[in-house]
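Sequence lines, in order, name chains A and B.
Position 67 (the first sequence) corresponds to 68 in my numbering; numbering is contiguous.
Position 63 (the second sequence) corresponds to 86 in my numbering; numbering is contiguous.
Don't read these hints as lab results, they were simulated from the structure.
Accuracy of the hints is not assured; some may be wrong.
[Claimed, not checked] Once the Cα atoms are required to be at most 27 Å apart in a straight line, the calculated DSS-like pairs of lysine-lysine come out as: (1) K111(A) / K56(A); (2) K74(A) / K56(A); (3) K80(B) / K111(A); (4) K111(A) / K32(B); (5) K32(B) / K80(B); (6) K79(A) / K111(A).
All values reported here derive from a predicted model rather than from experimental measurement.
Now for the letters of each chain:
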Amino acid sequence: AQTVTQSQPEMSVQEAETVTLSCTYDTSESDYYLFWYKQPPSRQMILVIRQEAYKQQNATENRFSVNFQKAAKSFSLKISDSQLGDAAMYFCAYRSPSFTGANSKLTFGKGITLSVRP
Amino acid sequence: DSGVTQTPKHLITATGQRVTLRCSPRSGDLSVYWYQQSLDQGLQFLIHYYNGEERAKGNILERFSAQQFPDLHSELNLSSLELGDSALYFCASSVGTLTTGELFFGEGSRLTVL
Numbered sequence: 002a003q004t005v006t007q008s009q010p011e012m013s014v015q016e017a018e019t020v021t022l023s024c025t026y027d028t029s030e031s032d033y034y035l036f037w038y039k040q041p042p043s044r045q046m047i048l049v050i051r052q053e054a055y056k057q058q059n060a061t062e063n064r065f066s067v068n069f070q071k072a073a074k075s076f077s078l079k080i081s082d083s084q085l086g087d088a089a090m091y092f093c094a095y096r097s098p099s100f101t102g103a104n105s106k107l108t109f110g111k112g113i114t115l116s117v118r119p
Numbered sequence: 024d025s026g027v028t029q030t031p032k033h034l035i036t037a038t039g040q041r042v043t044l045r046c047s048p049r050s051g052d053l054s055v056y057w058y059q060q061s062l063d064q065g066l067q068f069l070i071h072y073y074n075g076e077e078r079a080k081g082n083i084l085e086r087f088s089a090q091q092f093p094d095l096h097s098e099l100n101l102s103s104l105e106l107g108d109s110a111l112y113f114c115a116s117s118v119g120t121l122t123t124g125e126l127f128f129g130e131g132s133r134l135t136v137l
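All chains, full assembly: derive it from the sequences and hints.
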């Protein structure tokens, strides 16, 4: 079974600075998807960024980028120019490529609470 | 707006009672997933339905059951409720074939058992 580990429960960053959130995972599959979801105080789960394992290029979405190290099974999220609105809980998640099968669920890490200091 | 609708948004009930949570997936999405998020806990997978069929079960208690109807909406039934069932219950949907892989989440149903 796949597992996702987020070992840092909390992090803090100064507004306008850069912060990196860590995530490791364990799988025997060669193809898969990785995601970062954001959960602000409103509790809505919002997709931040996705990475397909077969793509060597790291995904980027505006101020958000990932460092995907497939061999090391590491998937960190870098937030540049941090804003107050980035304060939230961030979840790393894994998904097998079979989107309809019995193993198609998202497996989440425990999350990390990010605070942004003004 | 994710396109996934969950009702009710908030629910307060007593121990021993039964409640039903409803989820309408995004238009065209065939898969529905239910997750439970307890206080200070991560998201625990409960159950997955694809086009009306149960595809996978996670940490779902026997007191809980779910189904997906022909119109693809889904219901999660929670019975003999206990204090520990108080949580945020998320429904998420995704497309069965053409998809970019992510799940789209509803706003959740917050259940409080007193």
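Below or equal to 27 Å on CA atoms is what counts here, so check K111(A) against K32(B). holds, 23 Å
Is K111(A) within 27 Å of K56(A), Cα to Cα? Within the cut-off at roughly 26 Å; holds.
Does K32(B) pair with K80(B) here, judged by a C-alpha cut-off of 27 Å? holds, 24 Å
Given hint K111(A) paired with K80(B) - CA-CA distance at most 27 Å: Within the cut-off at roughly 20 Å; holds.
Given the hinted pair K79(A) and K111(A), is their Cα-Cα distance within 27 Å? holds, 18 Å
Taking only the CA atoms, is the gap from K74(A) to K56(A) under or equal to 27 Å? holds, 14 Å
The structure shown violates none of the earlier numbered hints.
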